[in-house]
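Now for the letters of each chain:
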Amino acid sequence: MPVAASAIYFLNLRGDVLINRMYRDDVGGNMVDAFRTHIMQTKDLGTCPVRQMGSCSFLYMRISNVYIVIVVSSNANAACAFKFIVEAVALFRSYFGGSFDEDSIRNNFVLIYELLDEIMDFGYPQNLSPEILKLYITQVGVRSPFSQVKDARPPANATLQVTGAVGWRREGLVYKKNEVFLDIVESVNLLMSQKGNVLRCDVTGKILMKCFLSGMPELKLGLNDKLGLEKEAQVRARPPRSGKTIELDDVTFHQCVNLGRFNTEKTVSFVPPDGEFELMKYRITEGINFPFRVIPIIKELGRTRMEVNIKVKSVFGAKMFALGVVVKIPVPKHTAKTTFQVSSGRAKYNASIDSLVWKIRRFPGQTELSMSAEVELISSIAEKKTWSRPPIQMEFQVPMFTASGLRVRFLKVWEKSGYSTVEWVRYITRAGTYEVRC
Amino acid sequence: MNVDNRRGELGELKSQLRQLAGSRAPGAEDLKRELFKKVTSYMTVGIDVSALFSEMIMCASNADIVLKKMCYLYLGNYAATNPELALLTINFLQKDCQDENPMIRGLALRSLCSLRVPNLVEYFTGPIKQGLKDANPYVRSVAAMGVLKLHHISPASVKDNEFQKTLKVLVIQDPDAQILYMGRVRSRDRTLGTASATAKRMKEFSEWAQCLVLELVSKYVPAHANETFDIMNVLEDRLVHANSAVVLATCKVFLHLTMSMADVHQQVYERIKSPLVTLITTGTSELAYAVLSHLHMLILRSPTLFVSDYKFFYCRYSDPSYVKKLKLEILTAIANESNTYEIVTELSEYATNVDVPIARESIRAVGRIALRRYDINGIVDRLLQFLEMDTDYVTAETLVRLEMLTACIKLFFKRPPQCQSMLGAALKAGIHDSHQDVHDRALLYYRLLQEGVGLAEKVINPKKQAVADFAESQSSEIKDRIFDEFNTLAVVYQKPSYMFLNKELVGNTESESLMGERELSSPSAHDGFLHQSEFSDNDMLLSASEKEDTRLISTGNGADAYSAPEISILDVAPAVSSSLLLEAPATVASQPKPAGTHQREMPLLPEFETPVPSSRQATPPLASQAVPMDDLFSGLSVPDTAAAAPAPPPQQLVLAPRPSLDAKAFQQKWGQLSVALTVEEKLAPTGIMKLATPQPLNVHMIDRHIFCMASGGKPPNFKYFFYAQSQPNFLDPSAQAGFFLVELHVDTARAMASGKIKADDVSLAPAFAELFRVALARFGLL
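The listed protein sequences correspond, in order, to chains A and B. Residue 1 is where the first sequence starts when you use UniProt numbering, and the numbers rise one by one after that. Residue 1 is where the second sequence starts when you use UniProt numbering, and the numbers rise one by one after that.
A couple of the hints might just be wrong.
Pairs of lysine-lysine residues, derived as DSS-like cross-links and limited to a Cα-Cα distance of at most 30 Å, are as follows [as the list claims (entries may be wrong)]:
1) 273/B to 266/A
2) 273/B to 226/A
3) 176/A to 348/A
4) 195/A to 210/A
5) 311/B to 311/A
6) 273/B to 206/A
Keep in mind the hints are simulated off the structure, nothing from the lab.
Using the sequences provided together with the hints, build the complete structure.
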């Protein structure tokens, strides 16, 4: 039972209806009012994404300044509903040129209605793959004038497309230059105690691809993950190569990946969709090299002063460097005055997030930088309420570095016409929720 | 004035549209589009533009597909509210259904079927019939969906037009097997097909259709264990699918398929653990919330599952509070000897680190963990250390202080000697606190304690409250029901669907649910087909469906609004159900109808009154050796299965809801009567987990009208005395309502349970033993 949504609403933050689409007649048209008065205008808004009211349930998500609300009257599948919203938003973004907010919805409402018509029928999710939908949809995003739209392609072809064996790729694509771009993007999630003990550390990674390939190519990707390497060694009857192997805790693949072959041969083989897509996601908990260590010393001197000393050490290779490093050190609300000393970068007090923000544009590997600050606090009645000391948070990007050590061993492309392809591989590690308690 | 303005605008729109309708001037199309856009935007904002109805249709009648789409949207919106206008459109849409462009044919048919106007049904059937025969697959798939919609409005017309049969033929003959809805229709014979066929076909479906199909598979009862494994093997790759909905649906299949195999079931838990954790860490927080709800339920069922992986549930600072709250609950649930220290330490971090409700929640969680494990000294000691260590911050935050005081005093009631000094310190600090609330509460506790510890305990820590939060206290029957509804809102709300779904609504869709029910019953009825090859399978089905059509009517009105399983199946997919209509097998198991009143009181009762499916009948119900577990479960664990079993109940023993027997009479009887039966059973590990305290089992048994006279013992040995009384027989009022007495001895170390049953009427003893055993199995003991 995927969703069986009775209706979908798009609302702005004030509660105005931007889009409404009814799929079934088992909920009244006034449900949106109920949502407005009982959920949006109360404090409960952020408390739970699934709310029950009478016989109906509301499943809602906020995306930028828009609420998307699915109303169901049956015992629906919540996970599926949220997944549907996420996918639908991704689809809309692909039409609107990346943005999804109140303005882009207002500018594209006809298109949205048209899309909603195709991606869900009678409350059941249908094909949400942008490539295929482009064959059905007569509207284009607001980027080009409305009148230029022509459904140039013969629709008969379109219908065959959907039912074809490879639902995510059109036939007959031709590129002058055949290129594949592959990005491994990892997010490090770290929770460190005050004393420097790692409480939790994991990496969630994704492999993003951009394919500009002619015809119906078949791709095969080899990684230095343990299972794949062991299987290969088994097949070729030779000992596994030395070097680091990575144990993937869990993997999920784009629907184009041949899962049967992954299970038997442990290789990732697929016929890719055209353009950009997320090939796979993975999660790793063992053997992670987290790129930064943070050593905070925060002293509260009396009631009106605080001393903050932060040392940040980069523990990746000396030849690499991190970009856009930001360290946010929370301070109490009633901070009055701050003075800083930094060994590199810039630091300032940002009152809107109640934090000291230290920015380092370029942070080389194997170096230690420090920042010290003196914070003066206003003494007031509010101070009585103790300050809860939220954790220090970090943002960064380290190009050509993977916290898990995952590497691409090969990426092969086969196509019956036998053209040659150019493959590009990049690695980048970003901060997920990188938190150090202080 | 505003209204006038709008009216003026509408009038203007109307005249403009009228002008354009017949115009062939260059640029007229573009103008029309602009106007249609305007109308659509008015409609969205909520302005009634139904006055433009005829103009819209006029304009759209010769238009291109862009205009038609907008027009269809318009029609869909106003047809339901203005049925008289809808009549106008029927012609228009019917004409479009003949269009040479298959896109327009499809769209028109879809809009037609979406009009949702009951009295127009007669107009739909023709186009649907045509659509099903259309040369274009797009139109065919729309038509298949149309059948479903039609069924929603008027099931009778679906039947009258024999759409099931047409669809069925289409399914088998259609060369284009990949059409989505065809695929869904096929899912029925998929369920009957061999496991390898399952795998092959699964890939033909789109990811969303896979969810539907998986949902169906989860209702399927394999003929034997090998088949279960086959299905699981071929579906295993679905667990690494990128679509989280597919992953969850697969989990459901695995869990439900292995219900009868305790050890495999446990392995399944281990297998699905990792994918679920990934969904939490990588998805949006809303998705994480949905998945966490499921994990929470799984953990309640199998608390040992995450004992070493508790760190996955540590809160992130940026998690929204609803996620944090669930994580706290989960942490509380998985705390045991090995990880309590770490978990409590982590919880204490939250007590200071995050927003106030969560801080309170986490202190409460610490309290719950402490209460639950009070029998283990070491943990209490460590807990005390933690509490003492934190004494100074306890005095820091009012809410926390209040909670801390309560936690202290509750601890004191549990472990007076260890906690006395700490409580003293806490009360002292509390009384000297500058905050009025804390001061007052500390003083209150102090004075209560002066009155006497027992009295204080009664006031502060009444028995009921202390147990109220226990995971086990939620009736396991309800928990099972929720588990059956895995991957639905039931899990999120933590209550079975019949508790939150509108009863009337359920009534409306009753017929749909009936079909779902038929689906359920079919696999077992069709076991014989399983060994057929796939092709003959189809043939069989075809003939089956024809016979079946005649039977369809007779099964009506059995559905009770309260019986949740049906509701859940209804939602499996009406899309599927439309297909099921035609494919449902020739032998429809007639559902045994239990007495209506009982049904209402206890939704799950039917199984207990009509337990024994044929496989179990073969086993002597009270053999002293252990009954093969699979057999026992195949009939019991999944209520659906029980419903599917056509076997008539072997005896009618109904227990009285409120027997009257006091302790003295019990003893007297126990002395008088001789042992009628002895039972010995092996225990399942899941059940043992729940036996840390006697209450859960007692509560559970009361739900089944078996009452506990006394219970006691220390791990690993527990002893229970139960009693029950048979319901006076309506047909034969003279018959004596006899009592049943049970002495149950549970040895958790050897994982054995042995019981002695005594009865006033010895002839009824085997029947009662059966009920008793079923009740234990329900609790998870067997």
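Violated hints - listed by number, lowest first: 3, 4
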